[in-house]
Amino acid sequence: MTLVIENVKKRFGDQMAVDGISVQVEKGDMFGMLGSNGAGKTTTFRMILGLIDPTEGLVTWEGKPLSYKRTNLIGYLPEERGLYPKLSVKEQIIYLMRLKGMKKADIIKDLRDWLERFQVPEYENKKIEELSKGNQQKIQFIAAVLHKPELLILDEPFSGLDPVNSDMLKNAVLRLQEEGTTIVFSSHQMANVEKLCEDLIMLKKGKAVLQGNLRNIKRSYNMKRIHIRADYELDFLKNLDGILDLEVTKDGGIIKVENEQVAETIFKRVADKGFVRKFEIEEPSLHDIFIDKAGENDNE
Amino acid sequence: MNNFWTTVSHTAGRRLKSKTFIWSTVIVMILIIGLINLNTILNGFADSDDSLETVAVIDETEGEASFGELLDSYEEGAFEYIHYTDGSLEDAVEAAENKDYDFVLSLQGSTTTLEAEFLSEGNDFTTAQQVNQDVQRVKEAVATNELDLNEEELALIYSPITFNEQSLTEGGDVRTEAEHMQAYWMVYALVFAIYIIVLTLGTMIATEVATEKSSRVMELIVSSVNPVTQMLGKITGIALVGVVNLGGLAIAAYIGFMISGEENFIQMIFNDGIEVSLLLYALLFIFLGYFVYGGVAAMLGALVSRAEEANQAIQPLIIVAMMAFFISLVGLNTPDSTFIQVLSYVPFFTPQLLFLRIGMGTVPVWEIAVIVSILAISAVLINVLAARVYRGGVLMYGKFSLKNGLKQALTISKKES
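For the record, the sequence lines run as chains A and B.
For the first sequence, UniProt numbering assigns the number 1 to the initial residue and increments by one for each residue that follows.
For the second sequence, UniProt numbering assigns the number 1 to the initial residue and increments by one for each residue that follows.
Worth flagging that the hints you see were computed from the coordinates, not collected in a lab.
Quick caveat, the model's predicted, so the values are computed rather than measured.
Glycine is no exception: its CB is placed at the ideal position from the N, C-alpha and C atoms.
This list has only true hints and no planted wrong ones.
A short list of chain A residues far from chain B (calculated; beta carbon distances all over 12 Å):
1) His188
2) Lys207
3) Lys238
4) Thr249
5) Phe267
Straight-line C-alpha distance at most 20 Å; calculated EDC-like pairs for lysine to aspartate or glutamate:
6) Lys414/B x Asp14/A
7) Lys19/B x Glu129/A
8) Lys414/B x Glu56/A
9) Lys407/B x Asp14/A
10) Lys86/A x Glu308/B
11) Lys403/B x Asp14/A
Please work from the sequences and hints to get the whole structure.
As structure tokens, then:
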């Protein structure tokens, strides 16, 4: 076990930002943290980094709490991006990496490698304010990983990137994982999460509403998605119990149902009605699960 | 420790390398050199011939002595007096208008009722003063001559008395006037220096912190450096900038005096001008005062989200520094008043007021020790509190409000066991 978050709580005044979450991440794993805005992701990250102390519970890395003596082990890409606008790429990477304990010559050498990898070697001496937002983000990413951290925390790494840069970053993240880096990241883009991580936690108002291995979650998740192709309108299914959503298309529809029993009922109904060209039960996408869980009614 | 120095060099280096800093320092240095040599420069513009200005003297006095003759032969003054015998006052004025003379002096009455009228152009009032003095001298010479006093009698009148000061209490301390004036100027300089330091360096610290916050680079930095280390690193870095700046000004002053040919002035300051103990106190108070005010400035800077708000946030601190400044100005004349004594215990006023009391009055050693201890402890406590607020403040964004901001920052940074 490398990263262990044990029943961590954080209270700000009378508001619980994080309310008892426990997470274990193995070395070399990629762990996803999901949740809508204000769910407690950033607060959790800040507690992992030691920027704020948990009200209760403990965060440890290889058995010991993380402290400022070991910051060189961690890389961090904050959600709110920020670099010194007036400093050149080289100047700021040197400063930030010296804070991580690296030597200047090594920093410059590694920086050139990374700029090369991101296909922007000409930016070395450019000021940050002269770069486009997407390119600033590349530099921000380099600032998080140049010192080869063992634990990398990426808060919304893909937000604001075009598809090309997004892919470039994704490949870089995967490569780091191959090299043994443990990665914790948050994202709103479910497609990215599905592609990248094996384990995840979904937060809502500081509590875990869903947690575990992505495949298991999807398989055991009751909600199903049914694709139907038929030669008649599917509107008549609308009032059936257990239907969460009905999306009518030209030649059929996509129906979200609570569980498989409902699917069976639907199958019988459509078979009675007439010929069915296609009837397929799919596992829900992470997107569906996210909306189902995080978007749930707040009146609890 | 390593990160501390990295922060110090980053903070100081960025400032020292900035064009704004370099140019403002250079310009102020040039100004200082210019100010010190102001006289030389002004004289350079004045007409360059160094012959004395002439005064035509119309002597219409009664009595045996001729003031006109005596002034004519008087050579100590800054003017060349010429006994005008070629005509009346009107003629002399006309001659002056024709630039034959620079001024006209008309004398009337007798030795006892001597009346002088000085006719001049322009607005240099010192000219008339000097002429007045010269005439007075000559009159004194005439009068002593008429009274028939000899050298010894003259010496008797003008010889100075011996005046000594002693303390009422045994071992007490009494200042001579020279010492008093010197202390007065040192206190004045220090009080002013602290005010300027708080104003410029305090603002610099707050802006520095606020800038890192507004560019959002702060969160990245505090994930690598302990915020407390970072805060102290910034305060120290800005102090270095201040030292370089002041050093530049000192060098400028030195160059200025060298150019003006008044090196003696510098020697005077270092040989017998400055009391060493007072100088050491000044350094101690600047040091401690800087940390008291600097800690608060960093704390206030951490509470704002945008660099533009830093000035607003630091306003209360500047008002405190201003109060200390004005109280000190009042206190210069009443260093031993209870008012000043009591206020000198308040950490934000101690550097100025205790120095004032030490410089201008007499303070028992034990009291100095007590007040300095209070100041030192406060400096530490203020920085501990500032660090707590700083730790939470740097993660906080929103509209600036001192009270709510402080509360929120302390909530975020709450030490949990």
